[in-house]
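Residue numbers (the numbering used here), protein chains in the order written: chain A, 1 to 221; chain B, 1 to 221.
A hint or two may mislead.
As the list claims (entries may be wrong) - Sample of chain A residues facing chain B (criterion: CB under 8 angstroms; computed from the structure): (1) Met1; (2) Thr3; (3) Leu10; (4) Val76; (5) Trp81; (6) Ala110; (7) Gly112; (8) Ala195; (9) Val196; (10) His198; (11) Tyr217.
Don't read these hints as lab results, they were simulated from the structure.
For every residue, glycine included, the Cβ atom is placed at its ideal position computed from N, Cα and C.
2 protein chains.
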Amino acid sequence: MITSHHNPALQDVRRLLARKRTGSPPRFVAEGEDLLAAADAAGWAPLLRLRAGEDVSAEALARVSSLASGTRELGVYEERWSRPAGPTCVALWGVGDPGNVGTVLRGALAFGAASVVIGPGTADPYGPKAVRASMGAIFAMPVARAATLDELPAPRIALAAREGEPLSRADGGATLLIGAERDGLPREVVAGCDAVRHIPIHGESLNAAMAATVALYEVTR
Amino acid sequence: MITSHHNPALQDVRRLLARKRTGSPPRFVAEGEDLLAAADAAGWAPLLRLRAGEDVSAEALARVSSLASGTRELGVYEERWSRPAGPTCVALWGVGDPGNVGTVLRGALAFGAASVVIGPGTADPYGPKAVRASMGAIFAMPVARAATLDELPAPRIALAAREGEPLSRADGGATLLIGAERDGLPREVVAGCDAVRHIPIHGESLNAAMAATVALYEVTR
Chain A
1 MITSHHNPAL
11 QDVRRLLARK
21 RTGSPPRFVA
31 EGEDLLAAAD
41 AAGWAPLLRL
51 RAGEDVSAEA
61 LARVSSLASG
71 TRELGVYEER
81 WSRPAGPTCV
91 ALWGVGDPGN
101 VGTVLRGALA
111 FGAASVVIGP
121 GTADPYGPKA
131 VRASMGAIFA
141 MPVARAATLD
151 ELPAPRIALA
161 AREGEPLSRA
171 DGGATLLIGA
181 ERDGLPREVV
191 AGCDAVRHIP
201 IHGESLNAAM
211 AATVALYEVT
221 R
Chain B
1 MITSHHNPAL
11 QDVRRLLARK
21 RTGSPPRFVA
31 EGEDLLAAAD
41 AAGWAPLLRL
51 RAGEDVSAEA
61 LARVSSLASG
71 TRELGVYEER
81 WSRPAGPTCV
91 ALWGVGDPGN
101 VGTVLRGALA
111 FGAASVVIGP
121 GTADPYGPKA
131 VRASMGAIFA
141 MPVARAATLD
151 ELPAPRIALA
161 AREGEPLSRA
171 DGGATLLIGA
181 ERDGLPREVV
191 AGCDAVRHIP
201 IHGESLNAAM
211 AATVALYEVT
221 R
């Protein structure tokens, strides 16, 4: 049983949680029994699994955990990257908050999207906060990367505040582009899309995760 | 200018942020220029306003801030409690996560609910995490407390996973009851409602904030 947090495997876990160097092929860490159960259910085999009191002392595990309260169990997995796929696809452009990225994964899973695309300026979906916010959806929802609009399945719909027509179920079977909370999508991205839609709201705005969830609900009904 | 974090006003702010003793009438703290601007826009006058470099040194303000990065400005306000009001009302029952409570406030504002009711076991909407997650909606959305179903405007609709009919726009003008992420609403609460509805999803579940946002979107269209 590992008892020192200087142990090389634990040091590796700590580096993976800091997302400094994830190796080749890239790896990530999931912490907590619920996430590991989600990985098991989705058929992801861990490269390494550490249980407090079995493989490693609780103290040493707590020292590398990203959770303030520590963790009883963690697993190291290989990242999996898919290609952007439809018919319903969510593409995040400039969504820097990892909690929002994880929540979008969860909403995408709930409403049956085919993939979530991580565009420029968007938080790492395999970072610890995004993995945790996904509540295990990271193991069930294909994630892809894209640098340009061309890489996204057409048609492409820009979701913007108070622009274009209201989003409706007629917009199903498209890639929905979601921008940053304050700034929204860059103008050239909106201009490059096939349509612009908005979610009709009172008051200020929705965050990226709320907008994506409502949009997916609308177009997948 | 206040330069010591032992200053009584700063100690009071620290206690308010810890929600240990909020005084009579109860008060709360909002941190950050965006929240204070939202308060100003909604016509809430602060009991106390502290600006780094003007009223207080940046160092002393950072010592009492609830934000890891500190804050440049904070305000102390009186809490405002309304009565549960419809036609569209959201009632949270056992939603312990303050971030979710704040996000529900934001969704309620976006989709025009008349009030958000804080039921048993639900996080304090005036705590620092909820206030922050509300992105200022705490200043625009009436919040109320309730201990029993009787206090909620009728009809009352229990939102449950995979129970009853799918929620539809025909369910508008009701109180939507939202339960805890894992356990949902207590059986006796579901039994006491006038109807049970669900949001049709694949996969696991939505968190309380996502469920409330999608439900409000559906019933207020």
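Evaluation of the provided hints:
For A:Met1, the interface hint is violated, the least distance from its beta-carbon to any beta-carbon of chain B being 31 angstroms, above 8 angstroms. With a cut of 8 angstroms, the hint placing A:Thr3 at the interface with chain B is violated, because the nearest CB-to-CB distance is about 31 angstroms. Hint status for A:Leu10: violated, given a least beta-carbon distance of 25 angstroms to chain B, over 8 angstroms. Hint on A:Val76 is violated. Least Cβ distance to chain B is approximately 23 angstroms, over the 8 angstroms limit.
Annotation: interface hint on A:Trp81 violated; nearest CB of chain B at approximately 20 angstroms, more than 8 angstroms. With a least beta-carbon distance of about 4 angstroms to chain B, the hint placing A:Ala110 at the interface is held under the 8 angstroms criterion. Interface hint status for A:Gly112: upheld, as the beta-carbon distance to the closest one in chain B is roughly 5 angstroms, under 8 angstroms. Contact between A:Ala195 and chain B, as hinted, is not supported at the beta carbon level, the nearest pair being about 19 angstroms apart and thus beyond 8 angstroms.
At its closest, the beta carbon of A:Val196 sits 19 angstroms from a beta carbon of chain B; the interface hint therefore is violated under the 8 angstroms criterion. Because the smallest distance between the Cβ of A:His198 and any Cβ of chain B comes to about 12 angstroms, over 8 angstroms, the interface hint for this residue is violated. Taking 8 angstroms as the C-beta contact cut-off toward chain B, the hint placing A:Tyr217 at the interface holds, the least distance being around 5 angstroms.
In summary, the numbered hints that this structure violates are 1, 2, 3, 4, 5, 8, 9 and 10.
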